Structure formats: structure tokens, C-alpha cells
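Chemist: Here is how the chains run, residue by residue.
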Amino acid sequence: DSGVTQTPKHLITATGQRVTLRCSPRSGDLSVYWYQQSLDQGLQFLIQYYNGEERAKGNILERFSAQQFPDLHSELNLSSLELGDSALYFCASSAQRGMGGEAFVLATQYFGPGTRLTVL
Amino acid sequence: AQKVTQAQTEISVVEKEDVTLDCVYETRDTTYYLFWYKQPPSGELVFLIRRNSFDEQNEISGRYSWNFQKSTSSFNFTITASQVVDSAVYFCALRGETSGSRLTFGEGTQLTVNP
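Chain order of the listed sequences is A and B.
Under our numbering, the first residue of the first sequence carries the number 1, and numbering increases by one thereafter.
Under our numbering, the first residue of the second sequence carries the number 1, and numbering increases by one thereafter.
Among these hints, one or two may not hold up.
Said to hold, decoys possible - What follows is a set of in silico ranges between Cβ atoms, one per label pair, in the way DEER data are often shown: (1) B:N58 with A:D71: 36 to 44 Å; (2) A:D40 with B:L48: 37 to 45 Å; (3) B:I60 with A:I60: 32 to 40 Å; (4) A:S38 with B:E10: 31 to 39 Å.
Just so you know, these hints were derived from the structure itself, not from any lab.
All of these numbers come straight from a predicted model, not from anything done at the bench.
All C-beta atoms in this analysis are idealised placements derived from N, C-alpha and C, irrespective of residue type, glycine included.
Full structure from sequences and hints, please.
Modeler: So this is what it looks like as C-alpha cells:
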């Protein structure tokens, strides 16, 4: 158990719908990452948040958005869903060393169990 | 740009055989980190090891060992005396200094250990 939690575990929905995936990082970790794992694209980085602020963006579609709340949990919102959005979505978190502006995000990311999204 | 190549898509061995999973990476960064993750059939991604680019010492953890060679840009993973529970997809990943904190993953190697 990595200490990262994700809900729901499975999600089945229809094209055109909107869903929200939730992630709670390990206790004390300020960084949250979202990744998508699909058969054709493999594991792809979507976005990173650090202490409530967006830190980095990867191959995230405009239909997707994310945020990190003051309690550090994060949500990934997927809208206007298409068949091709069916995938396993992972959240990961990593710790940091130091505080405030001098904090350094540590390299190792610990992954949650994932949310399997099926779009029909 | 960062790139990770795992040329072996699938490997099948019989229990107790040794098996090596290959990983070749590309980066222009002088500081970077390499990782191996395991994805068992249940689907979660389990962290196995991290190596820093400035530390080429090989590492052994029980039946697992890792061979990091900067000269060939490789970070190979060997399982000694494989067991059925080792059956999983194994991913090699790279984080470069200039790519922020994002991980770039290889395509993964599906390892099947048969009894």
C-alpha cells in the first residue's frame, strides 16, 4: 500500500458525459501528479500540482482539468468524454525537502491504485 | 527530450530461471533519475527502485538486482530465481533535470513466470 488513495476504483459512463476522479496523496506530500495509461499511448504524464498550484502540464487535453485543494487532495475532471478516453488514470504523490520557496520536490513518485474509466 | 525504450514486449520464463529486463534511456540532462515500477495483474504501480545519474553503483535487493551503465545509457533489471508472483508488467521510467518532475515511461515488459 503506497498510501495514495484514489476513488472510485471503476467508473463506467457514456460518451459526452463528465466525470471527476479523486486522489488523496500520502500524508505530508505536497505534490500530486496525474497519469493516463491507455493501450495505444502507454503511461503518459498529464499534470502536476504542488501545494495547490499547477506546476507542470503534459499531454492533457483541453477537455480535462485538475485542481488541488487546501487539504491537498486533488481532482481530475474529464468532460465531453469520448471512447478514446477509456483508460486507467493514476494519481501519484511525492514528498519534498525543505519548506516554502526553498522546498525541493523529491524524485520518487508513489502511485495510487488507479481509476479504471470505461466510456461506452 | 526524454525517451525510454524497453525493447522486450513480453518475456516468458519457467520458475527459478533468472531473467533480465532491458531498459535504454535517452536524455541530454546531466542530472537525472531512473526508476523501475512493477504493475501486477491487479493494476497498481509499485515502486521498486530509484537511481541517480551520479551514482552508478549497482544495487541488489533480495532476488532483485539492477545494473546501471551510463556508458550505454542502460538500466537493466535482473530477477534471480524467478517466482510465479513476479509475473507482472515492469516499467522503466526517467525523470530528467530539465523536464520538471514528470516521469517518462517506457512501454513496459510483460513478464510471465510459469510454474
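Chemist: With reference to the structure, classify each hint as holding or not holding.
Modeler: Going down the list of hints, with the structure as the test:
no. : hint                         : verdict
1   : B:N58 with A:D71: 36 to 44 Å : holds, 41 Å
2   : A:D40 with B:L48: 37 to 45 Å : violated, 25 Å
3   : B:I60 with A:I60: 32 to 40 Å : holds, 38 Å
4   : A:S38 with B:E10: 31 to 39 Å : violated, 19 Å
In summary, the numbered hints that this structure violates are 2 and 4.
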